[in-house]
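With the sequence shown counted from 1, adding 130 to any position gets you the working numbering.
The set of hints was computed from the structure by calculation and includes no laboratory data. One or more hints might be untrue.
List time: in silico DSSO-like cross-link candidates among lysine-lysine, alpha-carbon distance up to 30 Å [as the list claims (entries may be wrong)]:
id, residue 1, residue 2
1, Lys365, Lys383
2, Lys190, Lys311
3, Lys164, Lys271
4, Lys314, Lys214
Using C-beta positions, here's what the derived DEER-type ranges look like [what the hints assert, rightly or not]:
id, residue 1, residue 2, range
5, Lys216, Ser393, 34 to 44 Å
6, Ser181, Arg302, 22 to 32 Å
7, Asp307, Phe220, 15 to 25 Å
8, Gln396, Glu224, 34 to 44 Å
9, Ser371, Ser232, 21 to 31 Å
10, His390, Lys311, 16 to 26 Å
11, Ser232, Gln396, 32 to 42 Å
12, Leu389, Lys271, 42 to 52 Å
13, Glu218, Met289, 45 to 55 Å
14, Met415, Met289, 43 to 53 Å
15, Asp293, Ser386, 25 to 35 Å
16, Asp329, Asp248, 19 to 29 Å
Glycine included, each C-beta is placed from N, C-alpha and C at the ideal position.
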Amino acid sequence: MGDRTSQRVRLIFFSGAHIQSLISLEEICNGCEKCFNIAKKCVEYGPLRFSTLQTITYSKNYNKLHVSDKLFEDIAEYCISKSKNKEECFKELEKTILPVISCDTLSIWIDETRVFPDGMEGLEYDHRHMPREVIDIILRKWSVKSIQLNMIYFTSEGMCSVDWLQYDYFARVRLNDPYFKTQKSPDLKFTHVDVEMSDSIYCVRDLGVRYPKSESPRGYANFIPNIRRLFPTDKISMDLSHWCCIANDDIEKKMSTILHVVSMEQPQNLSVHIKFFVESAIVKMLNEKTKKEELFGIAPKYNFREHSLQCY
131 MGDRTSQRVR LIFFSGAHIQ SLISLEEICN GCEKCFNIAK KCVEYGPLRF
181 STLQTITYSK NYNKLHVSDK LFEDIAEYCI SKSKNKEECF KELEKTILPV
231 ISCDTLSIWI DETRVFPDGM EGLEYDHRHM PREVIDIILR KWSVKSIQLN
281 MIYFTSEGMC SVDWLQYDYF ARVRLNDPYF KTQKSPDLKF THVDVEMSDS
331 IYCVRDLGVR YPKSESPRGY ANFIPNIRRL FPTDKISMDL SHWCCIANDD
381 IEKKMSTILH VVSMEQPQNL SVHIKFFVES AIVKMLNEKT KKEELFGIAP
431 KYNFREHSLQ CY
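When you get a sec, could you build the whole thing from the sequences and use the hints?
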């Protein structure tokens, strides 16, 4: 297996000048010079590791740049290690995140099953807090236009960095915290936020089942209002491409749950586009006149304009 991996990497290095998009290379490399050179040439790259971030002094606009919740922790802990107090920490943060690069879309990978080191409270697998000020300065300095959130059940960065939590320098935010705890960002506005859930289990489950019977809810009923508070936008799209595993019966109850999540904070000027798949048997009926199976129409209560909820 190792030989095949090294062969693939050598092939990448050989043709690196022609690569436009490269995802997950840093999963097998800690940031060597050749990987760094590839990152300079791509228009889509990531997830960006802190070691690579520290080498970025060149000017470049990325079509899409991928980062992870672990990167936010690493940045916070680096700035704390270089300072003696909160003021010095934030000055270090300003020097660490440079405005030399920009990205049209920032893709944020969020691990749903991260865990604290042994001996700490909170050993259950969960989405963990992120340092708010680190996120905000990246959004501003990199001139981010749109956001993509990748909710991922498991990544290779499951172990949390916890030193930054020992200080009160950074505000802690999560997308499944009660939304009223999340401060709004009035000076930010994004064209749209795309939510990708093809690799999600907990988030996609909570969106479909308001009160899961088998396990306690993870708090993702707060998902939409937290998105709008962290990443202000009037347009959210959600891809629930594998929802057939959940929405295989009682589709009206699932739709009711989605409407509850979308309308929780009584949003204004919000358009939500949701794409999901269901088993055909629960959306078909037999036409008594033609004796042919037909799809049910969308019930009027799921197609009202005040929330602009559109399902495909």
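Evaluation of the provided hints:
1. A distance of roughly 24 Å separates the Cα atoms of Lys365 and Lys383; the hinted pair therefore holds under the 30 Å criterion.
2. The hinted pair formed by Lys190 and Lys311 fails the criterion: a straight-line CA distance of about 36 Å is larger than 30 Å.
3. Only pairs whose Cα atoms come within 30 Å are accepted, and Lys164 paired with Lys271 is accepted, the gap being roughly 26 Å.
4. Distance hint between Lys314 and Lys214 is fulfilled; the C-alpha atoms sit about 29 Å from each other, no more than 30 Å.
5. In this structure the supplied range 34 to 44 Å holds for Lys216 paired with Ser393, their Cβ-Cβ distance being about 38 Å.
6. As the Cβ distance of Ser181 to Arg302 is approximately 25 Å, the hint placing it in 22 to 32 Å holds.
7. Checking the proposed 15 to 25 Å range against Asp307 and Phe220 shows it holds: the Cβ atoms sit about 23 Å from each other.
8. For Gln396 and Glu224, the hinted distance range of 34 to 44 Å is satisfied, since their beta carbons lie about 36 Å from each other.
9. A beta carbon spacing of about 30 Å between Ser371 and Ser232 agrees with the range 21 to 31 Å that was offered as a hint.
10. Distance hint check: the CB atoms of His390 and Lys311 are about 19 Å apart, consistent with the given range 16 to 26 Å.
11. The beta-carbon spacing between Ser232 and Gln396, approximately 34 Å, falls within the hinted interval of 32 to 42 Å.
12. As the Cβ distance of Leu389 to Lys271 is approximately 37 Å, the hint placing it in 42 to 52 Å is violated.
13. Hint check: Glu218 to Met289, Cβ distance near 27 Å, so the stated range 45 to 55 Å is violated.
14. Taking 43 to 53 Å as the suggested C-beta distance range, the pair Met415 and Met289 conforms, at roughly 50 Å.
15. A beta carbon spacing of about 43 Å between Asp293 and Ser386 contradicts the range 25 to 35 Å that was offered as a hint.
16. A beta carbon spacing of about 26 Å between Asp329 and Asp248 agrees with the range 19 to 29 Å that was offered as a hint.
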